[in-house]
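Participant: The primary structure of each chain is shown beneath.
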Amino acid sequence: MAAIVFYLATVVNYFFIYNILAWGLNIQFGYAGILDFTYITFMAVGAYVAGVTSLGPQQPGTGVVYILGWHLPFPIPILLGGLAAAVLGLIVGLLAINRLRSDYLAIVTLSVGIILYSLVGNLTGLFDGFDGLVGVPEPLNGQVHLGVNTYSIFYMAVSGAVMLLLWFFAQRLRASPLGRTMRAIREDVDVAEAFGKNTFRIRLSAMVIGCFYAGVGGALLIGFVGAFSPDGWSTQETFIIWAILLIGGRGNNWGSVVGSFLVIALLSEATRYLPTIPNNAFLEPALRNIVIGAGLIVVLRFRPQGILPERKAHFPEIRTAAAQAGDPGRD
Amino acid sequence: MTIFWLSVGFGLVTASVLALASVGLSLQFGVTNYVNFAYGAFLTLGAYFAWTVLTGGHLPLGLAIVIGALGVGVVGVLCDRIVFRSFTRSGFPLFYLLIVSFGVSLILGNVVQGVWGPSPQFFAVVSQFPLHIGPFLLTPAQLVIIGVAIVSMVGVHLLLTRTRLGKAMRAMSDNPALAQVSGIDINRVTTWAWFISGSLAGLAGIALAISTASFEPGFGENFLFTIFAAVIVGGIGQPYGAMLGAFLIGMVTEVSAAFIDPSYSTDLAFVVLIVMLLLRPQGLIPARGKA
Amino acid sequence: MTDAPILEVENVARHFGGLKAVDGCSFSLQPGMLAALIGPNGAGKTTLVNLVAGALPLHAGRIRFQGTDISGWSPHRIAAQGLVRTFQISREWPRLTVLENLLVAAPGQQGERIWNALLRPGLGRADDRRLVAEALDTLDTFGLYAMRNEYAVTLSGGQKRLLELARAVMSHPRMLLLDEPMAGVNPALTDQLAHHIEALRQGGITFLLVEHNLEFVERSCDHVVVMALGRTLATGLMADLRQNPEVVGAYLGGESVERVAG
Ligand SMILES: Nc1ncnc2c1ncn2[C@@H]1O[C@H](COP(=O)(O)OP(=O)(O)OP(=O)(O)O)[C@@H](O)[C@H]1O
Ligand SMILES: [Mg+2]
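Protein chains in written order, with the numbering used here: chain A, 1 to 331; chain B, 1 to 291; chain C, 1 to 262.
The set of hints was computed from the structure by calculation and includes no laboratory data.
Derived CB-CB ranges, DEER-like: (1) B/S182 <-> C/A199: 36 to 46 Å; (2) C/R125 <-> B/V74: 56 to 66 Å; (3) C/I89 <-> A/P309: 23 to 33 Å; (4) A/Y7 <-> B/N175: 50 to 60 Å; (5) C/R129 <-> A/L164: 25 to 35 Å; (6) C/G143 <-> A/I318: 18 to 28 Å; (7) C/H172 <-> A/P309: 29 to 39 Å; (8) C/R77 <-> B/V275: 21 to 31 Å; (9) C/G157 <-> A/E317: 21 to 31 Å; (10) B/R280 <-> C/R130: 39 to 49 Å; (11) B/S214 <-> C/G157: 52 to 62 Å; (12) C/G122 <-> A/E317: 15 to 25 Å; (13) A/P57 <-> B/P130: 41 to 51 Å; (14) B/Y264 <-> A/V134: 24 to 34 Å.
To be clear about the criterion: a stretch of chain C counts as covered by chain A if any three or more of its residues have a C-beta under 8 Å from a C-beta of chain A, and this derived list gives those stretches: (15) 97-109; (16) 121-127.
Not the full set, but computed from the structure, chain B residues with beta-carbon under 8 Å of chain A: (17) V83; (18) F87; (19) F92; (20) F228; (21) I232; (22) D267; (23) L273; (24) I274.
On a predicted model such as this, the values are computed, not experimentally measured, just so you know. All residues carry an ideal CB built from backbone N, CA and C; glycine is no exception.
Pulled out of the complex, with its shape left as it was, chain A reads as follows:
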């Protein structure tokens, strides 16, 4: 019984966190058309910064090396994780967002990811190389003192609250004139520029906000898992978030919810029905990724807008007095 509760709570926590991640990518790509092929890097930065600011000072002799060690209470590490990712997003955006073909942005972001990954390996003093972090404190558990199972249920409230807050702002941005202009930039950046929009600044802001979401998602994840291993943050993971966004329906935050539900269900459930093949432990995760890759391609081909396509914006129609006087009979 306890096992099943823990399992369900884990799945729900992942579901909440993936929603946040997908909304961040939706702000970047679904709203503003930015092809960020290293989204996972921003998530990793958020996770790492949240980890090292919630951990206490580094202990000599444990072999775990990291910076900061500020021992900050919830929710400050999560906020700092989001901000650190946003700052990195700003730097990458400054380098990569220009008036060139969108492939260049994809190429530069992918390269940034690979380079940062190699830097993590090189700068062992800063990041502990590929060994990562362990024993990251569970947010608020210093106060509530819960066991593993109960804490995972409690954590649903933490990640759920953060999720709702970020949902609120993602939807607000979408409905705002800024969100509308972002979508115009996504559709045709030159025309938006020709209508006086500072497209560089607006795309940069979408990049930064999206990275903030990624960082917060990463921070929530490390708070739940309690450890950080750079191995888990590869390009493949970026693709999972892309799959969630595009299968669910880009431009529509509800679509991301559907997408993360489906992908999580697939990741955690579907592979258990595959026949086990002895002597090949890598086959199962490999098959899972192949299914996700192929699934996305099929969805894009036959339902290009995703399961829940972006919805048309409607406005309350208030006509000017002149128009009402002029043509009373108009539809």
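Dock chains B and C with the ligands against chain A, hints included.
Facilitator: Quick look at chains B and C with the ligands alone, frame taken from chain A:
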């Protein structure tokens, strides 16, 4: 000084691997006008194909290399026919193709992982007696890599300038709309472009595996950005630019290793890429018809 | 007309590799003019529009708008000054509704600032109430009201032309640069567009339009700039230009362009 010449020698080897890879990527980009993000996985496949033929089939290395390279050429054609073509034919916007190629990369990478497992492999046949050639110190295998690259580059040059297929490829690259109406068989040229691009990727993957001693499922993907750096420095979609870019990036990454910590040499390629994007985004030799 | 010119183009040049697309082009326009830019295909008209709008960097020369030197400015800064351009091939924002296409074009929206968008959505909504009313009126004028909630991609070619102009109007320009606003539309729509342009000119907007329809140019435009091979060949009234042998040679008479320029 010896260290310097030594690193120039390594630079030539890296530049050769890069030239094979960059020219292949550039050829396909020129013809189809979208970047193939699965290209890194093509390199990986080449190494695994050749390795399997070599160790499983007990064939000579030369034959294994040819079979490995052509095998990836076939994979390229299959990817195009099964996946990409169905998107281009229906007029999907550019970003779909980028994402789809990203997806193909995930699929191929995991096929390799599933079939061959995650542990590193190596080409056991490679003999390591270095030879002194002028100021350089190179193993026979490295000399073969340089030779293969030179022969391939000459081959690509002859293809582009002497054959109808090559001229059609250049026409499609310079002005797709014009090529469309001037009677070029677009389907055939595209298929050949994928085959040649895939074969060059396969060759590059084998060369990379031989020159770096070992390889694992992600190794082609990690090299992909160095290829991008070479291609963008040279001018994307421009095979001759890709050769130049490959030479520059190969030299920069290896020669710098004589002066700074070698583990930062790929980071230097990234710095070159960024500087280039900021200062001369169209590349050293800008391609016509590509913005 | 002795007012200060609204647009001054001085020795502007732009080449693409070896091709001199615009090669020393000069002219100036007075406020309130309805001016035409004509010339054979490949004369460099679109390139000139791109240069004036800042979409391409200049290789030489200088451009002034309302006395301000705008050479080297980014397109959005130029547009914000009230110098707005349209495109030779209609470029609507396809997956925005027709109404949204107009709303985005409106300048100076408070809700486009990031903190306002996230923290003070009321500001954006207040702007929108005003802008929606204005946009609906504009759509009414251009006969697109019924299409207001359709995605712009679903419009017909002619409707896209109308949208292009309606959207430009919504940006409250001082001057409009229209690149072949009547390209590929039927005669009835040509008249309709001509009528809109004249009405807007009455409202105080200055126009420079690239146009191949010489009948319209002769009837409506009070100033004509003729371009050939990247240079301004002549300026003046259409009726006078018909007498100019150079212009006739380059364009109107259909003689070889190279002979005249060389
Ligand atoms: N981006 C570009 N790169 C290379 N050449 C270009 C570019 N844009 C225009 N040109 C060339 O510059 C010349 C002028 O082109 P432009 O489009 O300005 O002519 P135009 O007068 O607008 O012609 P049309 O009446 O056909 O629209 C042409 O020879 C064209 O091929
Ligand atoms: Mg033109």
